[in-house]
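*Asks:* Here is what each chain is made of, one letter per residue.
Protein chains: 2
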Amino acid sequence: MMDFIKKLLSTSQEHKSLLCVGLDPSPVLMPDVDILTFNKAIIDSTCDLVCAYKPNLAFYEVLGVEGLTILEKTIKYIPAKIPVIGDAKRGDIGNTARAYAKALFSTFGFDATTVNPYLGFDSIQPFIDYKERGVFILCRTSNKGGADFQDLNCSGSLHLYEAVAQKALEWNVNGNIGLVVGATYPEELKRIRSACPEMCLLIPGVGTQGGDLDSAVNNGVDTNKEKAIINVSRKILYASRGDDFAQAARNMAEEIRVQINSCLVNHNGE
Amino acid sequence: MMDFIKKLLSTSQEHKSLLCVGLDPSPVLMPDVDILTFNKAIIDSTCDLVCAYKPNLAFYEVLGVEGLTILEKTIKYIPAKIPVIGDAKRGDIGNTARAYAKALFSTFGFDATTVNPYLGFDSIQPFIDYKERGVFILCRTSNKGGADFQDLNCSGSLHLYEAVAQKALEWNVNGNIGLVVGATYPEELKRIRSACPEMCLLIPGVGTQGGDLDSAVNNGVDTNKEKAIINVSRKILYASRGDDFAQAARNMAEEIRVQINSCLVNHNGE
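Taken in sequence, the protein lines are chains P and R.
For the first sequence, our numbering begins at 2 and goes up steadily by one.
For the second sequence, our numbering begins at 2 and goes up steadily by one.
Bound-form chain P, shown alone (with noise of 0.2 Å):
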């Protein structure tokens, strides 16, 4: 398989694009078809649009034995050259951790996932000993509750957000190892780009959640202008309720992609 970063830059290059659509199949936001055939059709109409695409396991657990069978018939049906991660957020103890990562990345077979830092190093260690795998650790969620816990002030003066981004940086010996940062907030982003100037960000928030896109690029895009993914998932997959769905979420994700590229010709990375 091939390595998860240079897949993703490769693809990115391809379609000139940093968005990345996430599959969060909802039924009451949905148009009136299945679950897989929703997604077929979303991944057929953005395909040549997007860097990668992100399902997150809990619209597909929803839906128990049934929702994961069609996960893995989402996964394949994603071309292959289209990075694919597993937004799962997990995290656990040594021993169970392996186990969550093997599901991940060999049984679902993702080029990436999310994880959870609460139970720091050991558990995060059975991910990104998958070399090729990318490994994206939660940093300053999207969510207002998200400043609960990683807005303390940690470990001196630092925020917890701010010392869990020190240790990714410590931890990444594998090259692997990417943050999730919210666009929901701008200075923080902002700050953890500083502090990780070539690490990858995943970066959801934009569109429903209410981030504002601009800012997101100018604030958590590198240097290079490569190693960022912006996630929408609600915006595109429900642009329409209509018959027109597919047509609607490709003109959205176009619309986004090209704003991110706009934003991009004047940016410096600073």
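Hints are computed from structural coordinates only; laboratory data are not their basis.
Errors might be hidden in some of the hints.
Where chains are identical, the list cannot tell them apart; a pair therefore holds if satisfied intra-copy or between any two copies.
Said to hold, decoys possible - With a Cα cut of at most 27 Å, we get these calculated DSS-like pairs of lysine-lysine: (1) K82 - K145; (2) K77 - K226; (3) K168 - K41; (4) K145 - K132; (5) K74 - K41; (6) K226 - K103; (7) K145 - K103; (8) K41 - K226; (9) K236 - K103; (10) K145 - K168; (11) K191 - K82; (12) K74 - K145; (13) K17 - K103; (14) K145 - K77; (15) K103 - K41; (16) K74 - K103.
Add chain R to chain P, keeping to what the hints say.
*Replies:* Structure of chain R alone, referenced to chain P:
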């Protein structure tokens, strides 16, 4: 469905047991039987000795769709009066957390689950909104890496894990929040029990992980000797790899149950 805490205390009193068996099937450690047969045999041989069962989802997800099918069948096989804790350690933003809560409590039907606090209140609220289910927030985990962030000084003089415990008390308006505290850190366990005298604590780390059972009981059990769940997985499941594995598991479970009860005789929760 019966309230989780009522169900737990009822089973715990009937079986005179604070012991929870972790149903974490690991093919490399197991005797030569299929996983569902293994789980059923373990349940048959220990179900009068436990207060709860706790399957960790990692060991089922690693087997993909087939694993989740086994998990569903395992949950159904457990006698209805015994509470089942889905050890999932999920944590995600509000919209997604709602999907996870529904997955665990409704789709899989667990009586309780474990959650990760890193994403704060709005990631936990969808779980505690299921008032009749139990929600165990990770506080001080049993692994070595637990110290990386959980032991940082945060929020004035508190360690992060203490700040989490404090928030858990605040958030516990439905009375269904508990905390996960590893037996491998007895001092931290004591401090948390002292800060949260009436909260239900889920205590892993006894057995293969090396936590001392006596100090887990002395430091972790409340004054009423009822709101603590002492989890043991590998030491019971893999007491033998031979044909006698179920009887060996029963013997080990009984030995641990008796040892817990011996400690409790002189326990005053201080």
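*Asks:* Would you mind marking each hint as holding or not holding in the structure?
*Replies:* Status of the hints after comparison with the structure:
1. Within a single copy, K82 and K145 get their C-alpha atoms no closer than 35 Å, and across copies no closer than 38 Å, so neither meets the 27 Å cut-off.
2. For a Cα distance limit of 27 Å, the shortest separation of K77 from K226 qualifies neither inside one copy, at 29 Å, nor across copies, at 51 Å.
3. Neither within a single protomer nor between protomers do K168 and K41 lie at most 27 Å apart by alpha-carbon distance, with minima of 38 Å and 42 Å respectively.
4. Proximity of K145 and K132 under a CA criterion of 27 Å is satisfied inter-copy only: 23 Å between copies versus 33 Å inside one chain copy.
5. For the homomeric pair K74 and K41, the shortest alpha-carbon distance inside one copy (9 Å) is at most 27 Å, but the shortest distance between copies (30 Å) is not.
6. In the homo-oligomer, the alpha carbons of K226 and K103 never lie at most 27 Å apart, since the shortest distance is 32 Å inside one protomer and 39 Å across protomers.
7. For a Cα distance limit of 27 Å, the shortest separation of K145 from K103 across copies, 21 Å, qualifies, whereas the shortest one inside one copy, 32 Å, does not.
8. Taking the shortest alpha-carbon separations for K41 and K226, neither the intra-copy value of 29 Å nor the inter-copy value of 54 Å comes in at or below 27 Å.
9. Only between protomers do K236 and K103 lie at most 27 Å apart by alpha-carbon distance; the minimum there is 23 Å, versus 32 Å within a single protomer.
10. Taking identical chains as interchangeable, the C-alpha atoms of K145 and K168 lie at most 27 Å apart whether they share a chain (24 Å) or sit on different chains (15 Å).
11. When the C-alpha separation of K191 and K82 is checked against a cutoff of 27 Å, the pair qualifies neither within a copy, at 30 Å, nor between copies, at 52 Å.
12. Neither within a single protomer nor between protomers do K74 and K145 lie at most 27 Å apart by alpha-carbon distance, with minima of 33 Å and 37 Å respectively.
13. In this homomeric assembly, K17 and K103 never come within 27 Å of each other (Cα to Cα): the closest approach is 32 Å inside a single copy and 38 Å across copies.
14. In the homo-oligomer, the alpha carbons of K145 and K77 never lie at most 27 Å apart, since the shortest distance is 34 Å inside one protomer and 37 Å across protomers.
15. When the C-alpha separation of K103 and K41 is checked against a cutoff of 27 Å, the pair qualifies both within a copy, at 26 Å, and between copies, at 25 Å.
16. In this assembly of identical chains, K74 and K103 lie within 27 Å of each other by CA distance both inside one copy and across copies; the values are 18 Å within and 22 Å between.
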